[in-house]
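**Q** Chains A and R supply the protein sequences, listed in that same order. Residue numbering for the first sequence follows the working numbering, beginning at 11 and increasing consecutively. Residue numbering for the second sequence follows the working numbering, beginning at -18 and increasing consecutively.
Derived by calculation from the structure, the hints in this document are not laboratory data. Don't take every hint at face value.
To be verified - Facing chain R, a subset of chain A residues (Cβ under 8 angstroms, in silico):
#, residue
1, P28
2, L56
3, G105
Note that beta-carbon positions come from the ideal geometry of N, C-alpha and C, so glycine has one too.
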Amino acid sequence: AQRVTQPEKLLSVFKGAPVELKCNYSYSGSPELFWYVQYSRQRLQLLLRHISRESIKGFTADLNKGETSFHLKKPFAQEEDSAMYYCALSGNNAGNMLTFGGGTRLMVKP
Amino acid sequence: SQTIHQWPATLVQPVGSPLSLECTVEGTSNPNLYWYRQAAGRGLQLLFYSVGIGQISSEVPQNLSASRPQDRQFILSSKKLLLSDSGFYLCAWGLAGSDTQYFGPGTRLTVL
């Protein structure tokens, strides 16, 4: 069975501070990991995926298979980063289903 | 371009009443379709997914059912709502073979 855990329900940082949203997963095969974000009054949307190895809005995430983690990081948080962040995993399944973590609400204070 | 619609946006229903939430996708063919429930503090839970017309897979046993009468239409239903069915329901679509999903605006359901 696959599982995604986001240990922090709420993370509060000051503007300009580094931020790290933790994500750990459990999956026996080779997973694909994603971060989705939901800004206030907006739809849930894809932020980044590990396979792309890209930086979106200053955020990066590295898949660490040894620690089974996919933490989301940004060196200098901005107020507009305040949102709900979900880590998700896709295993090898016919329906391309995603398993989501419980989500972390990031609050960036001025 | 592709778009996904959900309605209604909000719904307040009494316990024991029926439910029908609708989701439609435009601009693509034969998408994978998904229903999720977003409960407070519990993240996103996959309820149903469909890879084609009339093909529904259920991920959790519950009071709800889903149907896909047309290629780009996905319906979430219940014959008798429970208090525990309250939540925010999200529909999503994705291309077959792709892991990226695109979400609708959601329906806020309150069961009283």
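**Q** Compare the structure with each hint and give your call.
**A** So, going through the hints one by one against the coordinates:
Interface hint status for P28 of chain A: violated, as the beta-carbon distance to the closest one in chain R is roughly 24 angstroms, over 8 angstroms. At its closest, the beta carbon of L56 of chain A sits 6 angstroms from a beta carbon of chain R; the interface hint therefore holds under the 8 angstroms criterion. About 5 angstroms separates the beta-carbon of G105 of chain A from the nearest beta-carbon of chain R, less than 8 angstroms, and the hint is met.
Hint compliance for this structure: hint 1 alone is broken.
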